[in-house]
Amino acid sequence: MSTDAHYTPYHPKWYRRRVSVWWWLKNRTYAGFVLRELSSVFVAFFAIVLLWEIRAVLEGPEAYAQFTARLQTPLFLALDLVAFLFVLFHAITWFNAAPAAMVVRVRGKRLPDWVVAGSNYVGWFLLSMVIAGILLRG
Amino acid sequence: MARPITPLLWMSFSAGGTIAALLFPIHLFLTGLAFPLGWLDAPSYESLRGLLQHPLTRVYLFVLISLPLFHWAHRFRYILYDGFQLYHLTRSIAALCYGAAAIGAAVAACLLWNVA
Chain X
1 MSTDAHYTPY HPKWYRRRVS VWWWLKNRTY AGFVLRELSS VFVAFFAIVL LWEIRAVLEG
61 PEAYAQFTAR LQTPLFLALD LVAFLFVLFH AITWFNAAPA AMVVRVRGKR LPDWVVAGSN
121 YVGWFLLSMV IAGILLRG
Chain C
1001 MARPITPLLW MSFSAGGTIA ALLFPIHLFL TGLAFPLGWL DAPSYESLRG LLQHPLTRVY
1061 LFVLISLPLF HWAHRFRYIL YDGFQLYHLT RSIAALCYGA AAIGAAVAAC LLWNVA
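Chains as they are written, first to last, in my numbering: chain X, 1 to 138; chain C, 1001 to 1116.
In case anyone wonders, no lab produced these hints; they're calculated from the structure.
Just so you know, not all the hints are guaranteed correct.
What the hints assert, rightly or not - Which stretches of chain X does chain C cover? Using the computed rule of at least three CB atoms under 8 Å from a CB of chain C, they are:
1. 47-54
2. 63-77
3. 84-94
4. 103-113
All C-beta atoms, glycine included, are put in the ideal place defined by N, C-alpha and C.
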């Protein structure tokens, strides 16, 4: 504890029950929420893999061969599989939340939720095809 | 956390979340599973090197890496507060998470800037 005085909002009663760190396991909605937030850890993991891949490509063919060999180890295959499932979960929950996060109006009328979510899924599919097309060409 | 930058952090959270949702599944599927397992033919070293040479690819990769890192920072800091009840560490956790994301973005910028 620091000894500095700090501002605390007025509170008539400070009694709080301790909540277990595992509070979110008691309920499916809470578990879904925490798993969705945890998906961000795998998002960061893959961002780092991408950095690592770029560095390997820049260093030369040997470094790149080493990178691809490392990705073929069981450890990385398992990590990538788990990360892929979490990233899929992130994508699906993100697109399904889009209609609530963004209200789109066309000529004063609100677009129905399924149109907003659906356009996200269509965009997802098209972009995935373009990226796969570029990477599978060479 | 200083108030004026809160909306900026929130925007980077939502932009990064959108990019991670739209683009990460296919990249992760190809790079992490389909290529290493031999389901699909991986691009040759020369073609990847060629792709990296293009400025558009480098801008794309910078955005693809940096914004999702800020998305991670935003979510992860709330996991630490709410999940582990570390409310008294709010400021240091925020500094640590956004700092880590900023370092990742800087590394990406350095790597991509110096492509010869």
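Status of each hint after checking the structure:
no. : hint    : in the structure
1   : 47-54   : holds (count 7)
2   : 63-77   : holds (count 7)
3   : 84-94   : holds (count 6)
4   : 103-113 : violated (count 0)
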